[in-house]
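Trainee: Sequence:
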Amino acid sequence: MCLASNETARDVLYGAVITHCAVPGTVALTFDDGPGIYTPQLLDLLSEYSARSTFFVNGYQLSSHHDILVRTLNEGHQIGSHTYDHARLSALSYGEVVEQMRRLEAALYDILGVVPTYMRPPYLAINGEVLAAMGDLGYHVISTSVDTKDYEHDHPDLIPRSFTRFLEALNAGGSVVLAHDTHEQTVATLTRAMLDEIVARGLIPVPVGECLGDSEYNWYR
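For what it's worth, the numbering used here labels the leading residue of the sequence shown as -16, then goes sequentially.
To be clear, the hints were calculated from the coordinates, so they are not data collected in a lab.
A portion of the hints provided could be inaccurate.
To be verified - As a list, the in silico EDC-like pairs of lysine to aspartate or glutamate whose alpha-carbon atoms are at most 16 Å apart:
1. Lys132 x Glu151
2. Lys132 x Asp16
3. Lys132 x Glu167
Can you make the complete structure from the sequences, with help from the hints?
Mentor: Written as structure tokens, this is what we have:
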């Protein structure tokens, strides 16, 4: 089930797939797979535009990028779960899905003192059992309506293809953007182009929780 564009914060569902913003005039830039070596540059860029985003992080990245994670949260961005090992959850048992989520919860709590209530499944791979687990664990499941596929175009000559995908999906009413802060061209080229377009359209780039009308108080537990 997807969140309709006119639903309010009290209707942000747990254990259900969300693909679009609910607050008119907002766009959610979301970045998966980090933190990584390009994340500080991305944070600088977002600050330049006074833009806030959502970062769906992996547990295996945290030990070497502890300071980046702390900076990300302190600068007002939303931290979400992307599982500990970037696991394809639809291929796992219920218990294994829970383990992936709990391991990352423990790691994030040790570093930040909070546990997120938002997650994105790696590869966008979900099934009924995954959604049941997310509902039981208290997670909002964020998919996308603007998939840049930047991982296929991480080259200066190719990254314009991701921007074209962004434009086409935005024109079609998309509002939750999927990109990756682990790819150089996403940070060096694509994100600025997306932000320029968002600003030119009079839209506001916000974390996905905010674009759903959900109070920041509810983003963590």
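Trainee: Decide, hint by hint, whether the structure agrees.
Mentor: Right, here's what the structure says about each hint:
Using a Cα cut-off of 16 Å, the hinted pair Lys132 and Glu151 holds, with the two alpha carbons roughly 13 Å apart. Only pairs whose Cα atoms come within 16 Å are accepted, and Lys132 paired with Asp16 is accepted, the gap being roughly 13 Å. A hinted pair counts as satisfied when its Cα atoms are at most 16 Å apart, and Lys132 with Glu167 qualifies at roughly 13 Å.
Checked against the numbered hints given earlier, the structure satisfies every one of them.
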